[in-house]
Amino acid sequence: MAPVLQSSQPWVEKYRPKQVKDVAHQDEVVRVLTNTLETANCPHMLFYGPPGTGKTTTALAIAHQLFGPELYKSRVLELNASDDRGINVVRTKIKDFAAVAVGSGQRQGGYPCPPFKIIILDEADSMTEDAQNALRRTMETYSKVTRFFFICNYISRIIEPLASRCAKFRFKPLSEEIMSSRILHICDQEGLNLDSEALSTLSSISQGDLRRAITYLQGAARLFGSSISSKDLISVSGVIPREVVEAFYATCKSGNFDLANKEVNNVIAEGYPVSQMIFQLFNVVVEADDVPDEQKARICKSLAEADKRLVDGADEYLQLLDVASNTMRALCNMPQEFSFET
Amino acid sequence: MLWVDKYRPKTLAQVVVHEEIAQNLKKLVDEQDCPHLLFYGPSGSGKKTLIMALLRQIFGPSAEKVKVENRNWKIDAGSRTIDLELTTLTSTNHVELSPSDAGFQDRYIVQEIIKEMAKNRPIDTKGKKGFKVLVLNEVDKLSREAQHSLRRTMEKYSAYCRLILCCNSSSKVTEAIRSRCLNIRINAPSEEQIVKVLEFIGKKEGLQLPSGFAARIAEKSNRNLRRAILSFETCRVQQYPFTSNQAIPPMDWEEYISEIATDIMKEQSPKRLFQVRGKVYELLVNCIPPEIVLKRLLYELLKKLDPELKHEVCHWAAYYEHRMRLGQKAIFHIEAFVAKFMSIYKAFLIATFG
Chain X
1 MAPVLQSSQP
11 WVEKYRPKQV
21 KDVAHQDEVV
31 RVLTNTLETA
41 NCPHMLFYGP
51 PGTGKTTTAL
61 AIAHQLFGPE
71 LYKSRVLELN
81 ASDDRGINVV
91 RTKIKDFAAV
101 AVGSGQRQGG
111 YPCPPFKIII
121 LDEADSMTED
131 AQNALRRTME
141 TYSKVTRFFF
151 ICNYISRIIE
161 PLASRCAKFR
171 FKPLSEEIMS
181 SRILHICDQE
191 GLNLDSEALS
201 TLSSISQGDL
211 RRAITYLQGA
221 ARLFGSSISS
231 KDLISVSGVI
241 PREVVEAFYA
251 TCKSGNFDLA
261 NKEVNNVIAE
271 GYPVSQMIFQ
281 LFNVVVEADD
291 VPDEQKARIC
301 KSLAEADKRL
311 VDGADEYLQL
321 LDVASNTMRA
331 LCNMPQEFSF
341 ET
Chain A
1 MLWVDKYRPK
11 TLAQVVVHEE
21 IAQNLKKLVD
31 EQDCPHLLFY
41 GPSGSGKKTL
51 IMALLRQIFG
61 PSAEKVKVEN
71 RNWKIDAGSR
81 TIDLELTTLT
91 STNHVELSPS
101 DAGFQDRYIV
111 QEIIKEMAKN
121 RPIDTKGKKG
131 FKVLVLNEVD
141 KLSREAQHSL
151 RRTMEKYSAY
161 CRLILCCNSS
171 SKVTEAIRSR
181 CLNIRINAPS
191 EEQIVKVLEF
201 IGKKEGLQLP
211 SGFAARIAEK
221 SNRNLRRAIL
231 SFETCRVQQY
241 PFTSNQAIPP
251 MDWEEYISEI
261 ATDIMKEQSP
271 KRLFQVRGKV
281 YELLVNCIPP
291 EIVLKRLLYE
301 LLKKLDPELK
311 HEVCHWAAYY
321 EHRMRLGQKA
331 IFHIEAFVAK
341 FMSIYKAFLI
351 ATFG
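As you go down the protein sequences, you meet chains X and A in turn. Residues in the first sequence are numbered from 1 upward in steps of one, following UniProt numbering. Residues in the second sequence are numbered from 1 upward in steps of one, following UniProt numbering.
Accuracy of the hints is not assured; some may be wrong.
In silico DMTMM-like cross-links for lysine to aspartate or glutamate, where the CA-CA straight-line distance does not exceed 20 angstroms [unchecked claim]:
| id | chain 1 | residue 1 | chain 2 | residue 2 |
| --- | --- | --- | --- | --- |
| 1 | X | Lys308 | A | Glu145 |
| 2 | X | Lys253 | A | Asp263 |
| 3 | A | Lys303 | A | Glu282 |
| 4 | A | Lys310 | X | Asp232 |
| 5 | A | Lys156 | X | Glu197 |
| 6 | X | Lys231 | A | Glu145 |
| 7 | X | Lys262 | A | Asp306 |
| 8 | X | Lys93 | X | Glu140 |
| 9 | A | Lys10 | A | Asp30 |
| 10 | A | Lys156 | X | Glu123 |
| 11 | X | Lys14 | A | Glu155 |
| 12 | A | Lys27 | X | Asp232 |
| 13 | A | Lys220 | A | Glu255 |
| 14 | X | Lys18 | X | Glu70 |
Since the hints were derived computationally from the structure, they do not count as laboratory data.
Hey, can you work out the whole structure from these sequences and the hints?
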């Protein structure tokens, strides 16, 4: 007996704005794009900004609004990082699609249907430099019939020749009010009960990333039902409760190595991810008012090193212990150099 | 049957230690809205138990009728075909495997098996299509490529199969995968909880527990429930009725490492280093993972060390463990750590006592 699976759509998809004007908080972009919709003409575009600010949403919305559902398939090519995007794909797939000529611009069914096609390259910063270089000429040659939308997190990873061919738009991280209003809207629709404390927790753990906020919200709703407290959200998001980080910091401050060792053991036994711990400890250290800059610098250096080692796959316990020891030595003004090293 | 298996909770309702999580999982199943799940937590905290209980909750008793299979895959990878062999545990509704056993070819396994599962979906009595569950162990040991290919496969086939991922540390699982799953942290049970479980088992077995005995086992177990139950059973075999000061036998490898630590502390010389090397080799040959050896060695050394040396020693342990991960042969790095420790300790002794 296999249970029936309900088709459950992620809320991120369900509440994705369908129209450009619904995109939250990105005024300039929206203004330029509404203009595009009226004149049915646009330049190549490059959207950049932190994750979850609406870059992909905007690109998809404009494509849908320009072409409507019927022409969308034939006029828009969407490629993202999980598709193979080596230089071969640029040479064949993109070039072939770009080269196809399209009919003249006639309005169809209420959509502008301008006489060009759109290629959306999502997560363009993960394309190799070679692949990007191969795009340069393609962009120019077919500029009559094709527009490129690049979407990326870091504009510095896009080679200059490509960036200079595009109109650039920066997407700002969402402010707390806008995020709250979107979240409340979703809660309304889904019949969820969210108190103000949970709401502010949600904004702070998602750090301006609306997608993440919605994902956490859905996770919490699935697990804990319709009334969600801030504790539930924290447990779903994998964020370490503030008290735990504070306690860890406090033991580092106490200068007692054995105490710190015990605390490290405790953190590991509780199953908190150490990379997250390091990140949150970093926040605590940076915000601490009573610590001189030099000590902060010393701690940050050791945090950075531990983070790199964790990425390499080093053991969590040993790295956290090293971080604790370094932090302790910095905070308690113990000598940085080891006295017995030869 | 070992007590560990005998008293493993079979259903979510029986789960004692992580009661709250079990309730929530039950709710998930009741709503028939089961997302991909990622369980993470230290070993011996009950991840596997919860997963098995969850499967039972979804599929009923048939989830327990598993058979072990040695499967062969022939994978066509462009220019060549790759032969892979892997042990899987299957029931009618779920497949369980540890893809990291395939080494660097784990990526093919992940893709191939999910595709295969998607091809033969179970159909229930009403003719509706159900889904299968794929349990992947040790996802943190999967290579980067395998994790990347996993995320695409997860989305593509999400209608056909649900993934349950299980790992020790979620730091080593990429953000892309974590954000696609419902993350469930399983913390190690506290000592009081372990005591409760041990007392429960003792009652069921009809044993007389002297006061404080269970607490001592719990303390020795390092918050690892499986280990606590195992050593409880060992005690039972060794001596019954229990006496309140009965020694709890430590693991033999732990004793061995403690011996090594004593050796190191006694004498710091190339000759001693050579002897230690032999002992470490012995441990590695007996399949004790090198990072565990290093961690335990550090633990033993820290116990005996003067406070001013502790920072230095733990720094070098972290340093050499990282190098060990990057390198090939673990013995070099453990030996390097021992040598470093000897040099530091010797310098310290000379500075202190002249």
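Quick rundown of the hints versus the structure:
{"no.": "1", "hint": "Lys308/X with Glu145/A", "verdict": "holds, 19 angstroms"}
{"no.": "2", "hint": "Lys253/X with Asp263/A", "verdict": "violated, 34 angstroms"}
{"no.": "3", "hint": "Lys303/A with Glu282/A", "verdict": "violated, 23 angstroms"}
{"no.": "4", "hint": "Lys310/A with Asp232/X", "verdict": "violated, 38 angstroms"}
{"no.": "5", "hint": "Lys156/A with Glu197/X", "verdict": "violated, 37 angstroms"}
{"no.": "6", "hint": "Lys231/X with Glu145/A", "verdict": "violated, 34 angstroms"}
{"no.": "7", "hint": "Lys262/X with Asp306/A", "verdict": "holds, 17 angstroms"}
{"no.": "8", "hint": "Lys93/X with Glu140/X", "verdict": "holds, 17 angstroms"}
{"no.": "9", "hint": "Lys10/A with Asp30/A", "verdict": "holds, 18 angstroms"}
{"no.": "10", "hint": "Lys156/A with Glu123/X", "verdict": "holds, 19 angstroms"}
{"no.": "11", "hint": "Lys14/X with Glu155/A", "verdict": "holds, 16 angstroms"}
{"no.": "12", "hint": "Lys27/A with Asp232/X", "verdict": "holds, 15 angstroms"}
{"no.": "13", "hint": "Lys220/A with Glu255/A", "verdict": "holds, 13 angstroms"}
{"no.": "14", "hint": "Lys18/X with Glu70/X", "verdict": "holds, 16 angstroms"}
The earlier numbered hints that this structure contradicts are 2, 3, 4, 5 and 6.
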